[in-house]
Each structure stands twice: as C-alpha cells, then as structure tokens.
Amino acid sequence: MSRRLSTVDPSKKWSGPTRKYDLVKEFVIAFLVIAVAALTLAGLFSSPDEKAITLQSWSKAAPADFVQTAAGELAGTTTSASYGPPYNNAADGQKILGISPAKVVGVHIPINPAQSFVIEPLKISADVPTRAAIDAWNSAPEKVRTGWATAYADALAKDGKATSLADTKNEYGPVPTLVTSLLAMAKSGGLDGALTTSDTNMPTNFTKPLLFLADGGTYFSDLASAQHLGGDQWGVMNETGSWPGQSWLWLYSFWYQIDPFKSSEDADVLVMTLMGVLSLLLVFLPLIPGLRKIPYLIPVHRLIWKKWYRRSSKS
Amino acid sequence: MAAESSWTAKVRSATVEKFEPEDLLPDHQPAYVSSWIYVFGVLTIASLAMIILSGFVLTFEGPAWWHSSNVGHYVNSVHLWSVELFFIFMVVHLWGKFWMAAWRGKRLATWITGCLAFFASIITGFTGYIIQTNFDSQWIATQAKDGFNAMGIGAFFNTLNTGQAILLHVSLLPLVLGIIVVWHIILVRRKGVVPPMEEVDSATRSVETMEVKK
Chain H
1 MSRRLSTVDP SKKWSGPTRK YDLVKEFVIA FLVIAVAALT LAGLFSSPDE KAITLQSWSK
61 AAPADFVQTA AGELAGTTTS ASYGPPYNNA ADGQKILGIS PAKVVGVHIP INPAQSFVIE
121 PLKISADVPT RAAIDAWNSA PEKVRTGWAT AYADALAKDG KATSLADTKN EYGPVPTLVT
181 SLLAMAKSGG LDGALTTSDT NMPTNFTKPL LFLADGGTYF SDLASAQHLG GDQWGVMNET
241 GSWPGQSWLW LYSFWYQIDP FKSSEDADVL VMTLMGVLSL LLVFLPLIPG LRKIPYLIPV
301 HRLIWKKWYR RSSKS
Chain S
1 MAAESSWTAK VRSATVEKFE PEDLLPDHQP AYVSSWIYVF GVLTIASLAM IILSGFVLTF
61 EGPAWWHSSN VGHYVNSVHL WSVELFFIFM VVHLWGKFWM AAWRGKRLAT WITGCLAFFA
121 SIITGFTGYI IQTNFDSQWI ATQAKDGFNA MGIGAFFNTL NTGQAILLHV SLLPLVLGII
181 VVWHIILVRR KGVVPPMEEV DSATRSVETM EVKK
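Those protein sequences? They're chains H and S, same order as listed.
Each residue of the first sequence is one higher than the one before, counting from 1 in our numbering.
Each residue of the second sequence is one higher than the one before, counting from 1 in our numbering.
It is possible that some hints are incorrect.
[Unchecked claim] Computed Cβ-Cβ distance ranges for the label pairs, DEER-style:
1. D199(H) with G62(S): 19 to 27 Å
2. R12(S) with P289(H): 34 to 42 Å
3. S6(S) with K12(H): 26 to 34 Å
4. G62(S) with S46(H): 15 to 23 Å
5. E20(S) with K293(H): 33 to 41 Å
6. A91(H) with D23(S): 55 to 63 Å
7. S6(S) with K25(H): 38 to 46 Å
8. Y296(H) with H67(S): 46 to 54 Å
9. S82(H) with A64(S): 27 to 35 Å
10. K123(H) with A64(S): 28 to 36 Å
Everything labelled a hint here was simulated from the structure, so no lab data went into it.
Beta carbons: idealized from backbone N, C-alpha and C, even for Gly.
Turn these sequences into a full structure, and let the hints guide you.
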C-alpha cells in the first residue's frame, strides 16, 4: 500500500473550505470560564501557607541542632563552609566532563561562614566575655581555631542533646562562649536581624540566614521531609500539604530518583545539563530526523481531525 | 534618502504590511479547524490573563500581604490556581501541536516560540514559588540554589536573594514571557492554522478539491 503523508501544501495559505470562527467571542468565553474556575478553585481549596522558619524559631525548637551547626561553621565542616563557588573557594564545585562551571564563573557572593554567620553578628554584642572570645578567636592562628572548633563540634555531636559543654581538658578555646552567645542572640531574634542587615538596613536579601539555616543538621530538613519536600520524595515538584506544586517539573524531579544521578556527587550539574539537552531537543524537534516522524507513525492526528477525515472520506 | 530605504519604511514593510486585518482577527477559519484540541491554546491565553490580573492585585499590596489578610490569601489562591490551570492547558496544547506536527509548512518559528514560552513560564512560575515568603519558598530556594550554582548561573541568579526574585517575577520575566507569547500568537495568525496530515491510499483523492457539504 502506498501512502502519501500530505496532499496539501501546508506552507500555502488555505484556499479550501472555511467555517465561521468568532475569535474574540471564543477568547471572552474562555476567559470567563477560566475566571469562574480559578475563583471557585481558590474558594474551595485555598492555598498553602506554612509559616517561614526563623533562626529564632530554629534556636528555640532545636537548640542542640543550632549549636552543633554554629560550631560546624567555625570548624569549617558545614555545607556552606565547604561549598566552593559562588560563595568561596573551599571546593571546585560540581563537575561535568571534568569541568566545573561554577569554578569557571568564580566567587560572586562571598561567604566565609565562620565570619559571616558567627563572628560578624556577635560583634554587635556588648557582652564582655563575648567580645573577649571574639578577640581570642580573631588573634589565634587558623590551625588553632580549627582545632578548637572541631573539638567542640565533635563533642557536641557526640553528646547530641547538649547546648553547651564544659571545657574540662582546655581544648575548646573561646568556641563555647561564641556558640553560647550566638544561641542567646538567635533566641532573642537578634541574629535574624544581624544576618539580614549586614549589608543594608532595609534587607531584601536572605542569603546568609537561609544558608545558615540550610547548614543545620536535621531541624530544617526534617520539617521538609514531613511535608514530603525531600529530594528523594520528588520534592522538587511537591508543595506543602496536599496542594499541587510545580508538577510540570516532574521530569526534572524524576532524574534525582534514579542512578546514576541519585548517587552522584555531581547530580545537580548532571541533571541540569541533561534537562538543558532535552529542552533543546524539544525546541528543535522539527529538525531532528526520527523524532519529527513520530506524529506520522502514531496517528493521534486521526482523532484530532476526525471530523475532517470523515468529511473527506464521504466526498 | 528615499523614504523606501528608511529604517521606518523597512520596519513597516517587515511588520505591518505583512498582515491583512483578516489575518490578525479572522472571522473565518479553514473547515478543518474543528476539534476540542484548538480550545487549549485560547484557554492557555485566558489563564495567563487571569494570572496577570490576580498578580496585579498582589503586586499592589506587596509580597507579604497575603499572610495576614483573608482577602490577600484568597487572591493568592486565585493566582495559584490560575497558574495550575495555565500549565495544564499549555501542556495539552503543546502535546496537541506535537501530534499535529504543527511545525509543517514553514511553521518552525511558531513551534520554537511556543517551546520558549513554555520554558519562560516554568522559570517565571519558579520565581513565584520562591517569593512566597513562607516555609515552602525557603525550602525551594535553599534546594534549588544547588542546581543553579552547579551550572555557574547562581552567581547571577541567587535564589536566596528574595528581592532579586521578586523583581524577576513581577517585571523582567513577565516582560520576556509576554513578548514571546505575543510573537507566538502573531506567527500563528500570520501562518494560519496548520492543515491536517493527509493519509490516502492513492493519489486519486485530494482535499484541495473537496467541497464542504452544507
């Protein structure tokens, strides 16, 4: 059986039969339908609004998690401290084909977690022991500072529940004072203000408090997991509660659920690159042999133009 | 300099003179434009109009209004559900155009602008999610930063910078999306609706000779 795919030159202006089509009326009706649908759905199902987490609420709800994170910032062991570009040069960033795009672009949002999240905010404190602890920290060699903070962070992590520990072996230096003062500052709400107003008194940039919050051990991530927002829960496309989220990101979320992406340290750059390639394939699909033939091979168009084909067969 | 060679004349020649009024606002369409699939394009545009209208109200009242006002929460809900409807209709429209191989007949630019509108919508929607100023926006911003940072994009688009995201969401991205959508619609009107793919067993039948039965 010989088949011709088209008997009409689709590039030429249609000179065949036409039908009445009121474009403006169609749009007005469509808009009214959408307006009624959106207003009704909003009235029936509302929208989610889980209250934002503050450093104050975190420090009050999970003080042990908070102090372990603060000690980790001083020790340089948190995610931010070992992140790399665009925040610092602690690492190269994720790589694809041996290239780190983040490193190529470089540091654009300088963050030194120990200074940015702990020392700088504490400088507004008038407390004498705190100021002495800051001086002791700043005047010590980096190796000594790291030794103090690492020892204290390890001890806090080992205990698991303590918000401060006695320095019985004299190995923590000023770190317990710094961390305890930061906890008090956070509980008072002062740390939220200090981290957002470090660059301007009218803040719109929440990079520092959010990075610090995200460095936390379990508190923030446990709350997210409870709302099924974790990366392994298809969290990219989920919303808090039972509301629909960004379901159009299902494919992006999908790659994080399977190997090799799931277990790769370079998962983000791999998934982003893959999605970029797939997006380009979609954009230029009409030019790609094989892919552009799919609509001809699977005749869904027979359903779409069913009336037209039926009319054609009768004529 | 002759008027015909002026920049203005060239722009007029390349734009306005390309269109007949009947092309831009037709009251007739080819007879094959008779399927539910054609509804999804206009539903997408109508949803976008609803998004813009509800967005206007949210813009005037500010990003934190909806946390403390019942009216604000309702308007935010209208905005959210308009976005959900918008994406549903746009995806169906996109799939429909794929199965119609709607790029045929020198309509490649129409297909490309449609895809670009889809991607611009995703980015615009994403910035909307990170300016909710609630727990969801905090979590999304802290997680999504890693993807953008890994690509080197995070140096310029910082998901944790709420002020930047607000400006992108309410000014730059709607402008970009608006231009792409208008461009897409103009191309649709200029090129016309793609005709059906004909599969016939012989060359004896041709739609060009067919008459519509009245």
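Here is how each hint holds up against the structure:
1. D199(H) with G62(S): 19 to 27 Å: Between D199(H) and G62(S), where Cβ atoms are some 21 Å apart, the hint holds.
2. R12(S) with P289(H): 34 to 42 Å: With a Cβ separation near 39 Å, R12(S) and P289(H) satisfy 34 to 42 Å, so the hint holds.
3. S6(S) with K12(H): 26 to 34 Å: holds, 32 Å
4. G62(S) with S46(H): 15 to 23 Å: holds, 20 Å
5. E20(S) with K293(H): 33 to 41 Å: holds, 34 Å
6. A91(H) with D23(S): 55 to 63 Å: holds, 57 Å
7. S6(S) with K25(H): 38 to 46 Å: holds, 40 Å
8. Y296(H) with H67(S): 46 to 54 Å: Once the Cβ atoms are compared, 52 Å apart, the range 46 to 54 Å for H67(S) and Y296(H) holds.
9. S82(H) with A64(S): 27 to 35 Å: holds, 34 Å
10. K123(H) with A64(S): 28 to 36 Å: At 29 Å between Cβs, range holds.
No hint from the list above goes unmet by this structure.
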